[in-house]
Each structure stands twice: as structure tokens, then as C-alpha cells.
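Please arrange chain B with the ligands on chain A, whose structure you already have, making use of the hints.
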Amino acid sequence: MKPDLFEAPDYYNLDDLFSEEHKLVRDAARQWVKRDISPIIESYAQKAEFPKQILGGLAEIGAFGPYIPETYGGAGLDQISYGLIMQEIERGDSGVRSTASVQSSLVMYPIYTYGSEEQRKKYLPKLATGELMGCFGLTEPNHGSNPSGMETKFKDAGDHYLLNGAKLWISNSPFADIAVVWAKNEDGRIQGLIVERGMDGFSTPETHNKWSLRASATGELIFDNVKVPKANLLPGKSGLGAPLGCLDSARYGIAWGAIGAAMDCYDTALRYAKERMQFGKPIAAFQLQQKKLAEMITEITKAQLLAFRLGQLKNEGKATTQQISMAKRNNVDMALKIAREARQVLGAMGITGDYSIMRHMMNLESVITYEGTHDIHLLITGADITGIPAFT
Amino acid sequence: MKILVCISNVPDTTSKINFTDGDTKFDANGVQFVINPNDEFGLTRAMWFKEKQGATVHVATVGETTVEPTMRKALAIGADEAIRVNSVPTDGYFVAQQLAEVVKNGGYDLVIAGRESIDYNGGMVPGILATLLGMNFVNTCTNLEVDGTNATAIREIDGGKEKIATTLPLVIAGQKGLVEESDLRIPNMRGIMMARKKALNVIEPIEATKATEDTKFEKPAPKGAVRLIDAENIDELIELLHNEAKVI
Ligand SMILES: Cc1cc2nc3c(=O)[nH]c(=O)nc-3n(C[C@H](O)[C@H](O)[C@H](O)COP(=O)(O)OP(=O)(O)OC[C@H]3O[C@@H](n4cnc5c(N)ncnc54)[C@H](O)[C@@H]3O)c2cc1C
Ligand SMILES: Cc1cc2nc3c(=O)[nH]c(=O)nc-3n(C[C@H](O)[C@H](O)[C@H](O)COP(=O)(O)OP(=O)(O)OC[C@H]3O[C@@H](n4cnc5c(N)ncnc54)[C@H](O)[C@@H]3O)c2cc1C
Numbered sequence: 001m002k003p004d005l006f007e008a009p010d011y012y013n014l015d016d017l018f019s020e021e022h023k024l025v026r027d028a029a030r031q032w033v034k035r036d037i038s039p040i041i042e043s044y045a046q047k048a049e050f051p052k053q054i055l056g057g058l059a060e061i062g063a064f065g066p067y068i069p070e071t072y073g074g075a076g077l078d079q080i081s082y083g084l085i086m087q088e089i090e091r092g093d094s095g096v097r098s099t100a101s102v103q104s105s106l107v108m109y110p111i112y113t114y115g116s117e118e119q120r121k122k123y124l125p126k127l128a129t130g131e132l133m134g135c136f137g138l139t140e141p142n143h144g145s146n147p148s149g150m151e152t153k154f155k156d157a158g159d160h161y162l163l164n165g166a167k168l169w170i171s172n173s174p175f176a177d178i179a180v181v182w183a184k185n186e187d188g189r190i191q192g193l194i195v196e197r198g199m200d201g202f203s204t205p206e207t208h209n210k211w212s213l214r215a216s217a218t219g220e221l222i223f224d225n226v227k228v229p230k231a232n233l234l235p236g237k238s239g240l241g242a243p244l245g246c247l248d249s250a251r252y253g254i255a256w257g258a259i260g261a262a263m264d265c266y267d268t269a270l271r272y273a274k275e276r277m278q279f280g281k282p283i284a285a286f287q288l289q290q291k292k293l294a295e296m297i298t299e300i301t302k303a304q305l306l307a308f309r310l311g312q313l314k315n316e317g318k319a320t321t322q323q324i325s326m327a328k329r330n331n332v333d334m335a336l337k338i339a340r341e342a343r344q345v346l347g348a349m350g351i352t353g354d355y356s357i358m359r360h361m362m363n364l365e366s367v368i369t370y371e372g373t374h375d376i377h378l379l380i381t382g383a384d385i386t387g388i389p390a391f392t
Numbered sequence: 001m002k003i004l005v006c007i008s009n010v011p012d013t014t015s016k017i018n019f020t021d022g023d024t025k026f027d028a029n030g031v032q033f034v035i036n037p038n039d040e041f042g043l044t045r046a047m048w049f050k051e052k053q054g055a056t057v058h059v060a061t062v063g064e065t066t067v068e069p070t071m072r073k074a075l076a077i078g079a080d081e082a083i084r085v086n087s088v089p090t091d092g093y094f095v096a097q098q099l100a101e102v103v104k105n106g107g108y109d110l111v112i113a114g115r116e117s118i119d120y121n122g123g124m125v126p127g128i129l130a131t132l133l134g135m136n137f138v139n140t141c142t143n144l145e146v147d148g149t150n151a152t153a154i155r156e157i158d159g160g161k162e163k164i165a166t167t168l169p170l171v172i173a174g175q176k177g178l179v180e181e182s183d184l185r186i187p188n189m190r191g192i193m194m195a196r197k198k199a200l201n202v203i204e205p206i207e208a209t210k211a212t213e214d215t216k217f218e219k220p221a222p223k224g225a226v227r228l229i230d231a232e233n234i235d236e237l238i239e240l241l242h243n244e245a246k247v248i
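Protein sequence lines correspond, in order, to chains A and B. Residue 349 in the UniProt record's numbering is what sits at position 349 of the first sequence, and the numbering runs on without skipping anything. Residue 13 in the UniProt record's numbering is what sits at position 13 of the second sequence, and the numbering runs on without skipping anything.
Each hint should be verified, as a subset may be incorrect.
What the hints assert, rightly or not - The following label-pair restraints were derived from C-beta to C-beta distances: (1) B:229 to A:344: 45 to 51 Å; (2) B:230 to A:7: 32 to 38 Å; (3) A:235 to B:183: 18 to 24 Å; (4) B:104 to A:10: 40 to 46 Å.
Said to hold, decoys possible - Within a straight-line C-alpha distance of at most 27 Å, the following computed BS3-like cross-link-like pairs (lysine-lysine) qualify: (5) B:223 to A:281; (6) A:2 to B:176; (7) A:281 to B:219; (8) B:176 to A:34; (9) B:161 to A:291; (10) A:121 to A:52.
No wet-lab data here; the hints were simulated from the structure. In this text, a Cβ means the ideal position worked out from N, Cα and C, and glycines have one as well.
Looking at chain A on its own, in the form it has when it is part of the complex (with noise of 0.2 Å):
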């Protein structure tokens, strides 16, 4: 892999509009992303391996729950806060910006939201630490775009819950200590339980073979008759609404993530082509990849522009999940389009591990779908704008 040599463009000045605090956040995370992260990821996602060693170090940068109060071992730092991290991780590499999502949006995120007091004391220090990794289960094998159609089940026992089913596709399940699981009750209402690692009947097999997110661990999650203490029952929110409060937070996440995807791709593609000389000339002198490059800069400086507003409205606790469908839904769909770009702006060094937009393009084909398909986005769009929902 090359050395990092990352320049953020920024070509709306938008910095002006970041607080001083903002600014300090992300340039640390922008920091560690440059010295522990870009040179060592390559070399994980090639061998399809989550590089564990980083977990104290993402805790550290603040990744896992910037959002949650300092009360429960968060940074109570603000929705943008939380974006720029987002940002800059995944200017590493989106399957490390999985990781924290993952344990910020669905884990710490739903247990504050809708866990009890004696939950949060438990868990959310532990997590923000990353002494604790969690994961979440929705996603079952044959409901994907359709959660309200799961099968996982639970049923009171007396003194605990049974728990049966199965879920897939779920990001750090083969190492994490605990699960948020979403489960049908007897009467059929999705509630969150708190699985834990160790407990009888539950196991997290890895998934194998993907092409994306490879630093990313991805697995299953079994339960076959786990009995799960009634303790551990989320009490504050039954209903797919909750499930989709935590998708919302994530999704938001995603939205700047991706943005730190398409910088790093486009950077990289604007300095190649500057080096690159044929006919003669640099390769940046052909109005051919001029194009590229203009467009690229002009998509992520509206993709900027998107996130920082719905930062906003995130901050002021007004940004509806439709809002964050549409960023979510652009902005990824922006990176991926700018990553395959760019690859071909570097010509069959494009294709190499020597530079990280192939690994960026391959990751975000995971992004794109998961968190709400591209095509489910534009249906939550649709469905706001005519009043027609047209899913089923």
C-alpha cells in the first residue's frame, strides 16, 4: 500500500461552518485514520480479517457512542461531531466505519434509547470503552427489505425468555459480546432482547467469501431455546418503529461516511492524474478525466452540503427518517459512482491493493445495501412525496 497522502478537499469552505470542536474531533480521527489505520488495511482486507487491534483506538478517537451523554461513558459531543467521525473513518475503510456504526447507532444507541436505567449503567460504559463489542440482529435469510415479516421468536418461560430463530448478514457477530436482537413476542409485536455471548443455544458462525466490507467481520447469529433473562428485555419501545429508530441514527452515520469514501477515492485519482504522464502530458491535462475529476468534486461538494443541513436538523431533533433516507440513499449511491470513477482515472494500477479505491468500490456495494436497499430508499422518497407507498 502506499503512504497515505490524503488531502481532504473542501471546496465550498465549508470548514467555516464547523465549530472549533468539530474541527479538533474530526482532525484527530482524520489523525489516527492516517497512522493506525491506512497502513495495515489493505493488508486485513486481503486476508478478509477484522483487525481487532484497532477497537481501543476507535474507542479512543471517540467512535464508539460520540453521541451518548457523559453520564453513561459517551462524548456528548453533537450529531456533526458524530458525522465527521463517521467520515473519517470510512475515508479508511468502510468496513471499519461498519464496526462503529454498528456499536454507536444499534447497540449503544437502542439500549439508551429503549433500555432500562439499570441497561444502560451495565452496557454503555463497556461500549463506549470497546471493552464490550455488540452487534445487531434484524436481518433474518428470508426477510431482508421486509423486517415485519421475521421469524425470530420469543415466548415468556416464568423466570426468563425463550428465544428461537435466525438472523444474517450481521456486521461483527463473530466477535461480538453481546447481541440486540429484534424478536416477535407471543402476540407477534417485535421487542429488542440483549443476548449475550456464552449464553446456551446461541452461536455466531462467520460468513465467508464476501467481496465487501473483508475487514469487516460479517456472521450469523442462532438461537436454538436460548434462555434469556427478563432483565434483559429493552422496555422502552416494541414495534418496528424501534428497530427503524436505530436504522435512522446508523443511516445518518452512512450519509457522512460515505463522503469519506468518495474524498479519499477522488483525492487519490486527482493526484494520479497529475503524476501520470502519457502522450507526453499529464494524464490531468486531457479534458477526458478533467470530467472526472470535476464532477467528482462537485458531487461531493453537494453530498457535503447535504449531510452538514441534515446535521443540523439532526442537532435541533428534526430531521425525519425520510430526510435521512434521501442523504443516506444520494450520498452513497455518490461514492460508489466515484469510486468507479477514479478507478479507471489510474488506469491497471486501479485494480491493485497499492491504492485504496478498489477496495472503497467493493465495500460500498455493501453500503448501498445494507441499512435500506438503494431501491427502498427511493421508495421511502416516493412514498413521502405522493402519499402512495408502493412496496408491496
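Same frame as chain A, but now just chain B with the ligands:
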């Protein structure tokens, strides 16, 4: 032990340098500022004294509000308090007088400055500062140990090292070696959160004279294109070096 680290705010080394107003003023537009690397080595060494020997660490800068992010970062790295002398620091003698006032009022035992700022490379401030304060001074310092009021320092000299015994109060002009690059710290979230509550005191400059004034800046001539000569054509290479480049 009470330590003051003097921090100069300098353009990031990747910045594009331009001048305005008939080449008399540096154009800060779009330039990212960072802690002067020599000062960051010093600050990191000061953190070591704080953690291992219970020292109190303050940081001071002479600069306008635009330098505050740099100071906040120093606080996030672990400095206990920051002082900003609210002034445009255009001259080393002026800066040294301002810092001397800060040192006198703060009662510091050790002042850690950098060997030189990587922007204007004056290399003047620490020496003038020590003189104004009548403190001992070690220049180009690559290692510093303190035991009570005794200090042992190593400094770089041409082709070797010099080991010095001296006493506090002391000013050093430090550089890499005080700590290594791998020891430099990235502010962590705990540090950033704590920095919110730490004081960043702004004080007005004292009346002080300047000794110099910038009248013009000149950038080096842009690098010319590279001409490749085939390894077979040594004669052509020699001919060009002799007649065109006129270096042999
Ligand atoms: C690497 C990775 C990590 C993941 N991590 C997690 C995790 O941690 N936790 C978790 O719960 N899940 C996770 N997922 C699962 C992810 O959320 C699902 O894959 C996603 O929701 C899509 O479900 P599916 O794969 O079953 O696709 P399907 O729902 O089967 O969709 C297949 C195709 O059909 C389209 N489609 C579906 N319904 C409609 C419709 N109504 N109209 C038009 N088109 C439609 C989709 O857009 C898609 O193109 C992860 C996935 C990946 C790849
Ligand atoms: C128009 C203009 C604007 C400038 N604005 C700034 C600014 O906003 N902030 C800034 O830091 N510099 C600024 N400078 C740079 C300023 O000139 C130098 O800091 C000062 O003149 C000393 O330069 P030097 O190269 O002699 O420092 P050196 O003697 O090479 O510096 C050695 C060490 O002295 C200490 N030191 C130097 N300068 C300062 C300082 N200002 N505050 C605290 N410690 C210091 C540091 O420890 C440094 O490592 C500006 C210069 C000009 C011309």
C-alpha cells in the same frame, strides 16, 4: 515543577505558500495551521514530565484569535492551561518580550520553546527570551531530564552530541529527540472533552518594540522540468551539464 511550552502556530507543511500586498504579507487564505513541529516535540516531553513527575504544564502563544484551535488542541493533548497574548507576532524580539512577561507573571521553572519555527525559521525567540529573563539556556536540545532543580540536557552539535548539566530556571529550544515522532499524541476524546473545561486565557500585549520589519518575501524559482538523458549517452549528459547547466 511549573512548565511553560511556547507554541508557534505555523502553516501545515503541505500548504501552498503565497504572498500578497506586493510580496510583503503572507496569504493565510485556505492555509491549515498546525502546532510548530519543534513545539509539539516539546509539548509531548512536557506531558511526560506531567505524568511522571507531576509537573503542571501551561502553553503560551503570541497570536490572534485564529490561533485558538491550535491552543485548544494543546489543551486536548493534556496541557492544563493556555495563554494567548492577543497580538500579531511579526518579529522575534517582540514575541520574546511578550513571552518574557508571561513567564515572569507565571513563575515558571522550565520554559520549553522550539529550536525554530518552521515558517519563518528565525530561531531567535528562545535565546532572546532566556536573555530577557536571565535564565539558563540550552539550544538545539534533544534530551532533557530534570531532578529537583538540576537539569541534564543533551544538545546536538556538528557531528556529535554535547551533554550539559545546568539548573532551573531554564529555557530550552527543543527539537526532535526530546521525544520521537512515534511518541507524538493524537488528542483523544477524553482529552477533547476535558479541554472544554480548561482555561484559555487571553491577555493583552505589553508595550514592546520591534527590532525588525519584513519588507519583502521571495519564493524560490519554480522547479524546472526534468530532462531524461538515455544512460547510453553519457557524452550528451556531460555536454549539457557543462554547456547548458554550467555546473561542471
Ligand atoms: C456486509 C453486510 C453487513 C450487514 N450487516 C447487517 C447487520 O449488522 N444487521 C442486520 O440486521 N442486517 C445487516 N445486513 C443486512 C442488510 O440490511 C440486508 O442485506 C438488506 O436490508 C437487504 O436485504 P436482502 O439482502 O435480504 O435483500 P432483499 O430484501 O432480498 O432485496 C433484494 C433486491 O430486491 C430489491 N427489493 C426488495 N424489496 C423491494 C420492493 N418492495 N420493491 C422493489 N425492489 C425491492 C432490493 O432493493 C434488492 O435490490 C448486512 C448486509 C451486508 C451485505
Ligand atoms: C504577518 C504575520 C503574521 C503572523 N501570524 C502569526 C500567528 O498568528 N501565530 C504565530 O504563531 N506566528 C505568526 N507569525 C510568525 C511570527 O513571525 C513568528 O512567530 C515570530 O516572528 C518568531 O518567528 P521566528 O521564526 O523567529 O521564531 P523562532 O525563533 O524560529 O521560533 C522558535 C520558537 O519560539 C517560540 N515562538 C516563536 N513564535 C512564537 C509565538 N508567536 N508565540 C509563542 N511562541 C513562539 C516557539 O517555541 C518556537 O518554536 C506571523 C508572521 C507574520 C509576518
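Against the structure, the hints come out as follows:
Between residue 229 of chain B and residue 344 of chain A, the C-beta spacing of about 34 Å breaks the proposed range 45 to 51 Å. In this structure, residue 230 of chain B and residue 7 of chain A meet the distance hint of 32 to 38 Å, their C-beta atoms being roughly 36 Å apart. With their beta carbons about 48 Å apart, residue 235 of chain A and residue 183 of chain B fall outside the hinted range of 18 to 24 Å. Against the hinted window of 40 to 46 Å, the Cβ-Cβ separation of residue 104 of chain B and residue 10 of chain A comes to about 42 Å, which satisfies the hint.
Restraint check for residue 223 of chain B and residue 281 of chain A: the C-alpha separation of about 17 Å stays at or below 27 Å, so the hint holds. The hinted pair formed by residue 2 of chain A and residue 176 of chain B meets the criterion: a straight-line CA distance of about 25 Å does not exceed 27 Å. Our distance criterion of 27 Å between C-alpha atoms is met by residue 281 of chain A and residue 219 of chain B, whose separation comes to about 26 Å. A threshold of 27 Å between alpha carbons decides the hint, and for residue 176 of chain B with residue 34 of chain A the separation of about 21 Å falls inside it, so the pair holds.
Among the hinted pairs, residue 161 of chain B with residue 291 of chain A is inconsistent with the structure: their alpha-carbon atoms are about 56 Å apart, more than 27 Å. For a cut-off of 27 Å, the pair hint linking residue 121 of chain A to residue 52 of chain A stands: about 25 Å separates their Cα positions.
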